[in-house]
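J.: Once you've looked at the hints, dock chain Z against the given chain H.
Protein chains in written order, with our numbering: chain H, 903 to 1017; chain Z, 17 to 130.
None of these hints come from the bench; they were simulated from the model. One should not assume that every hint holds.
[Claimed, not checked] Simulated pairs of lysine-lysine, DSS-like, Cα-Cα distance not exceeding 30 Å: (1) K117/Z x K972/H; (2) K86/Z x K973/H; (3) K117/Z x K1001/H; (4) K19/Z x K985/H; (5) K86/Z x K1001/H; (6) K1001/H x K54/Z; (7) K117/Z x K911/H; (8) K973/H x K54/Z.
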Amino acid sequence: DGGITQSPKYLFRKEGQNVTLSCEQNLNHDAMYWYRQDPGQGLRLIYYSQIVNDFQKGDIAEGYSVSREKKESFPLTVTSAQKNPTAFYLCASSFGQGKGTDTQYFGPGTRLTVL
Amino acid sequence: AQKVTQAQTEISVVEKEDVTLDCVYETRDTTYYLFWYKQPPSGELVFLIRRNSFDEQNEISGRYSWNFQKSTSSFNFTITASQVVDSAVYFCALWMDSSYKLIFGSGTRLLVRP
Chain H
903 DGGITQSPKY LFRKEGQNVT LSCEQNLNHD AMYWYRQDPG QGLRLIYYSQ
953 IVNDFQKGDI AEGYSVSREK KESFPLTVTS AQKNPTAFYL CASSFGQGKG
1003 TDTQYFGPGT RLTVL
Chain Z
17 AQKVTQAQTE ISVVEKEDVT LDCVYETRDT TYYLFWYKQP PSGELVFLIR
67 RNSFDEQNEI SGRYSWNFQK STSSFNFTIT ASQVVDSAVY FCALWMDSSY
117 KLIFGSGTRL LVRP
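Excised from the complex, chain Z in its bound form:
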């Protein structure tokens, strides 16, 4: 089975708190790619990051960081010092050669309260 699980349906935090969004994936492919997208209330999906299966280095971009662990099939996303503008739905997605398509998780809705 090939799928992406985002077990957290909704998360609510107060501004300036750190928050981690979980993503667990399943695949038998050795080559695959993982993505995170942000969907603000306007509806458009905004690309955040792409990571291939051979690159397990964690990545940091400003207040955003990603932790990729093949041993647990997870690709978690942390926002440090959250801001109200971070409020959105966040999607994790998986791409594999064997399926030749993006498989999306069901998303995590993040609400950052002032």
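Bound-form chain H, shown alone:
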């Protein structure tokens, strides 16, 4: 089955630790995205990548880092510099390079809680 997988589903982090969220897609999509969702709010863009070995900051990139070494994978690292990392994180991907004609499809999400 083609789709987007995210792991883990739930993640607990102690303050001061870096954690990495996994996102993998087998849809042969060019572009991948990371969003953050806080309770009662819409999604906010953290980072996006249109092609391998290239990525751009979104609206709330501070305290996060990404890599895009393979077309299928776009891991997100939440660093200790992120002051309020507790949130629901969603990964998405799309054909093409992320234009309006390219619908974004989402993974199941990772819920990160800082203890």
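T.: Positioned in the frame of chain H, the structure of chain Z alone reads:
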């Protein structure tokens, strides 16, 4: 300013009622795209529809229909004969060439009671 407003935070209906979810957007671009996504309790966003700014035809897909009106900058979503499985958070989103990203509204939580 570019933004998406979903003024209805929560809506509660009884099964089989019709319900309309409102979406109002702001943009100065002439070319843009509007989307609706459904987020069930599992958390994953499910794509429902994409509409470009040059296509104002209303669309119907089963019990779902969408009304796009550029004159009022609205892209409303109606569920006919609602079902319990329709309970979810629904997001409206806007994409523009000038921003090159999806801008989401804050979502409307729909509860359909049996």
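J.: Next step is simple, just say for each hint if it's right about the structure.
T.: Now the hints, each set against the structure:
For the hint pairing K117/Z with K972/H, the CA-to-CA distance comes to about 22 Å; that is within 30 Å, so the pair holds. Using a Cα cut-off of 30 Å, the hinted pair K86/Z and K973/H is violated, with the two alpha carbons roughly 37 Å apart. The hinted pair formed by K117/Z and K1001/H meets the criterion: a straight-line CA distance of about 8 Å does not exceed 30 Å. A threshold of 30 Å between alpha carbons decides the hint, and for K19/Z with K985/H the separation of about 26 Å falls inside it, so the pair holds.
Restraint check for K86/Z and K1001/H: satisfied, since their Cα atoms lie roughly 21 Å apart, inside the 30 Å limit. As the CA atoms of K1001/H and K54/Z are separated by approximately 21 Å, the hinted pair is consistent with the 30 Å bound. For the hint linking K117/Z to K911/H, the alpha-carbon distance of about 26 Å falls within 30 Å, and the restraint holds. About 27 Å separates the Cα atoms of K973/H and K54/Z, which keeps this hinted pair within 30 Å; it holds.
Against the hints set out earlier in the document, a violation occurs for number 2 only.
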